[in-house]
Amino acid sequence: MVFGKKISILFLLTLLTGIVCAQAQTEAEELNLKAAFIYNFTRFIEWDDDIFPNEFVIGIIGSSKIDEPLEEIAQSHKAGNKEIKIKRYSSLEEVEKCNILFISKTAKISLSDVLAKGDLKKTLVIGEKENYAQWGAGINFVIVDKKLKFEVNKKSLSDAGLKVSSQLLKLAIIVD
Amino acid sequence: MEVYKNISIKNKLILIQLITSFIAVLICCILFVFNDIKTFNNSMVENKNSIAEIVGVNAIAPLLFNDKDAALQILTNLKSNPSILNAAIFDKDGAKFAQYDVNKTPFLFPPPGDDEVEDADFIDQKFMVVYQIMKDGEFIGTVMLRSKIVAFNEILINYVKVASSVLLGALLIAFIFSAFFQQKITKRIQFLMNKTKEITSTGNYSNRVLIKEMDEIGVLSKEFNNMLDQIQKMQNSLKDANADLEERVKERTAKLERSNQELEQFAYVASHDLQEPLRTISNFVGLLEKKYPKGGEEDYYRYFQFIMKATSRMQNLIRDLLEISRVGRNVQFAEVDCNKIILDLMAEMEISITENDATVHFSDLPTLIASEIELKRVFQNLISNALKFKNKNGTPRITIRAQENDNEFIFMVEDNGIGIRPEHNNKIFNIFQRLHSNTEYPGTGIGLATCKKIVALHNGNIWIESTYEVGTTFYFSISKHITSSINLAT
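Top line first, the protein sequences correspond to chains A and B.
Everything in the first sequence is counted per the working numbering, starting at 1 for the first residue and increasing by one.
Everything in the second sequence is counted per the working numbering, starting at 177 for the first residue and increasing by one.
In isolation and in its complexed conformation, chain A is listed as follows:
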């Protein structure tokens, strides 16, 4: 029954690969969704035009594949009437002024450092780690019942001078 064994191994392999692929696929989907969410946030928030007169900058800190879908969106969409620019940063020091700063869960930085940074006083900080909203990030992605949701810290947003649409707040998990 050597043949039978081989077949079962092959079957197992195939199954495993399937699971891994599926995992990858869901991760990619999640990133796509997050990218779309980030872009959609721009549509429900009143932005301060003083930061950049002609462009809308979305910064990404930490290595994340979210830059790919974001680039895609940036190419086909505008934030209001401004061009969207995606900037990638590997360390906090590199970070300059931007409208949105997305802190990838791979970034090895502390949130408080980010919030303390002077350039980012008017920046919407978006995280994807547990409790980031409670700790001061404006918006934080969470998974509830296998669905992508987001938390909003109203105080952080108002401190940053950002006015958030009630429509958005209705969908958000409000965090103090």
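Please keep in mind that the hints were generated in silico from the structure rather than gathered at the bench.
Source: prediction; values computed, not measured.
Every residue, glycine too, gets a C-beta built ideally from N, C-alpha and C.
Treat each hint with caution, since some may be false.
Here are some chain B residues pointing at chain A (derived, C-beta under 10 Å) [stated by the list, open to error]:
#, residue
1, D243
2, K244
3, A246
4, Q308
5, K311
6, D312
7, E314
List time: in silico DSBU-like cross-link candidates among lysine-lysine, alpha-carbon distance up to 35 Å [stated by the list, open to error]:
#, chain 1, residue 1, chain 2, residue 2
8, B, K255, A, K65
9, B, K409, A, K163
10, A, K163, B, K255
11, A, K78, B, K324
12, A, K149, A, K121
13, A, K154, B, K371
14, A, K105, A, K155
15, A, K105, B, K186
16, A, K85, B, K255
17, A, K147, B, K371
18, B, K186, B, K371
19, A, K82, A, K154
20, A, K170, B, K186
21, A, K147, B, K255
22, A, K82, B, K268
23, B, K244, A, K149
24, A, K105, A, K85
25, A, K87, A, K129
26, A, K149, B, K272
27, B, K244, A, K154
28, A, K149, A, K163
So these bits of chain B aren't anywhere near chain A, every CB distance computed over 12 Å [to be verified]:
#, residue
29, D245
30, Q249
31, I387
32, E392
33, S413
34, R428
35, K431
36, F509
Put chain B on the given structure of chain A with help from the hints.
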């Protein structure tokens, strides 16, 4: 239609006005109801469109953030609107994002982009509205609402109720107004009608209709007045002609009466005065006759005989003439027993009755109002006639009878004499009419004329029935209603 023909103009006018207003108001009501239903439908669709828009706007964030729970929550909120049956949100790819069904009756919405769903379908009283959700000019999804037409029937019934009360009210008002305004016309027609009736019943053609308004009724009244003018003129000229005619008849009658009287007077005077010289002639011829007796000189005696006969005939004529002209003079009507008259007569005429070997029968003759002298003369004439015109081979037999009816007595004097040929029946009552020569039957031809005049004096008639050579029956009637004022001239 037969009923309509006979109702008065007044009611016809009211009826016509009622029908007119009914039709007008009915058309208005129908138009208003249709318009209102259309408006109602439009507003209903409008309303659902705005609901769909609100849902759509609220669904923007859930769609963008892929929050189906929030989307469903928005749809579930629609349950406060009882007319909405089903509601669904589709994403930009046309995949169903959320659906809510009232009463748990799911409805399979057609895929978005199907044009058919956009029209409201009022036949099954459900309709669908579709709203395309846009965000910053980008199509992000579709909202579809399926709604029932709320209480459409109730609204319709309500409309019918309102429309019928409006109709009834309008009819009532129209009735009041038309009943009021028709008087303006019908009163005048009735006035004209009453005037006509009045004129026809009284015959007073001097009446005129007062004309206030110169419309058709005014023209009718005017022509009516003109007609009255003409009738009045005609009536007047007729009256004049009539009066003229009457005047002329009166004149003629008077003239006739006068000449008649004169004639009678003349006949009376003439016959009266003629008697005197005749008597003288007769007397002196008598003396001469004695002087020249029979068998004397020449034929004087024969001549005297002729003269005497002629004189005697003339005396008879004059006597009869006097008699006929006396009829009606100083006549006095009184109760007369006819039996007594006949008895008297038979006594007076005894000689000639005996000479002729005649018999006179009479029975149960009435007592009546008449002039005794005149009536006696009638019987005398008739009996004399019967004796005179006796049949040569027999003895005269005279029968006198009488009949009574409501208005008159009819007497019959029957004989078995020579009779009269029928063609002479009418002639014999004419004065001086004689059917025989004087030598055959002597007479004046005045007797029956006198009888006729006397009978006429008694409002009666005289006639005969006769068979030639067999006998004659004289009939005469005496009226029970003799007017004393009867014209004696006739």
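Do the hints match the structure? See the list:
1. A least Cβ separation of about 5 Å between B/D243 and chain A falls short of the 10 Å threshold, and the interface hint therefore holds.
2. Because the beta carbon of B/K244 sits about 8 Å from the nearest beta carbon in chain A, less than 10 Å, this interface hint is met.
3. For the restraint placing B/A246 at the interface with chain A, the shortest Cβ-Cβ distance is roughly 5 Å, inside the 10 Å limit, so the hint holds.
4. Look at B/Q308: its Cβ only gets to about 17 Å from chain A, farther than 10 Å, so that hint breaks.
5. The interface hint given for B/K311 is met, as the beta carbon of that residue sits about 6 Å from the closest beta carbon of chain A, less than 10 Å.
6. A cut of 10 Å between beta carbons decides the hint on B/D312: the least distance to chain A is about 6 Å, and the hint holds.
7. Hint status for B/E314 relative to chain A: holds, with the closest Cβ pair at about 8 Å, below 10 Å.
8. At roughly 43 Å between alpha-carbon atoms, B/K255 and A/K65 are farther apart than 35 Å, so this suggested pair is violated.
9. At most 35 Å may separate the alpha-carbon atoms for a hinted pair to count; B/K409 and A/K163 exceed this at roughly 112 Å.
10. Restraint check for A/K163 and B/K255: the C-alpha separation of about 32 Å stays at or below 35 Å, so the hint holds.
11. Straight-line distance between C-alpha atoms of A/K78 and B/K324 comes to about 41 Å, which puts the hinted pair past the 35 Å bound.
12. Only pairs whose Cα atoms come within 35 Å are accepted, and A/K149 paired with A/K121 is accepted, the gap being roughly 25 Å.
13. Our distance criterion of 35 Å between C-alpha atoms is broken by A/K154 and B/K371, whose separation comes to about 102 Å.
14. This hinted pair checks out: A/K105 and A/K155 have alpha carbons roughly 23 Å apart, not beyond 35 Å.
15. About 101 Å separates the Cα atoms of A/K105 and B/K186, which puts this hinted pair outside 35 Å; it is violated.
16. Of the supplied pair hints, the one linking A/K85 and B/K255 is violated, its CA atoms being roughly 44 Å apart against a limit of 35 Å.
17. Restraint check for A/K147 and B/K371: the C-alpha separation of about 104 Å exceeds 35 Å, so the hint is violated.
18. Distance check on the hinted pair: B/K186 and B/K371 sit about 18 Å apart at the alpha-carbon level, within 35 Å; holds.
19. Simply put, A/K82 and A/K154 have alpha-carbon atoms about 25 Å apart, close enough for the 35 Å limit, and the pair holds.
20. Proposed proximity of A/K170 and B/K186 is contradicted: the alpha carbons are some 77 Å apart, above 35 Å.
21. Taken as a hint, the A/K147 and B/K255 pair is honoured in the structure, with Cα atoms around 27 Å apart against an allowance of 35 Å.
22. Restraint check for A/K82 and B/K268: satisfied, since their Cα atoms lie roughly 24 Å apart, inside the 35 Å limit.
23. In summary, the hint linking B/K244 to A/K149 is supported, as the alpha carbons are separated by about 11 Å, within the 35 Å threshold.
24. Between A/K105 and A/K85 the alpha-carbon distance is near 21 Å, which keeps this suggested pair within the 35 Å criterion.
25. Under the criterion of a C-alpha separation no larger than 35 Å, the hint pairing A/K87 with A/K129 is consistent with the structure, at around 21 Å.
26. Of the pairs offered as hints, the one joining A/K149 and B/K272 holds, with about 20 Å between alpha carbons and a cut-off of 35 Å not exceeded.
27. For the suggested pair B/K244 and A/K154, the alpha carbons sit about 23 Å apart, so the restraint of at most 35 Å is met.
28. A C-alpha spacing of about 20 Å is found between A/K149 and A/K163, which places the hinted pair at or below 35 Å, so the restraint holds.
29. The Cβ of B/D245 does not lie farther than 12 Å from every Cβ of chain A; its closest approach is about 8 Å, which violates its non-interface assignment.
30. Interface exclusion of B/Q249 from chain A breaks down, the closest Cβ pair being 9 Å apart, not more than 12 Å.
31. Once the 12 Å rule is applied to beta carbons, B/I387 is consistent with being away from chain A; the minimum gap is 86 Å.
32. Listed as outside the interface, B/E392 is consistent with that label: its C-beta sits roughly 79 Å from the nearest C-beta of chain A, beyond the 12 Å cut-off.
33. Against the 12 Å criterion, B/S413 stays outside the reach of chain A, whose nearest CB is about 111 Å from its own CB.
34. Interface exclusion of B/R428 from chain A stands, the closest Cβ pair being 132 Å apart, more than 12 Å.
35. No Cβ of chain A approaches the Cβ of B/K431 within 12 Å, the least distance being about 136 Å, so the stated non-interface status holds.
36. Against chain A, the non-interface label of B/F509 holds: every CB pair exceeds 12 Å, the least being about 142 Å.
Going down the numbered hints, you'll see the structure goes against 4, 8, 9, 11, 13, 15, 16, 17, 20, 29 and 30, while the others check out.
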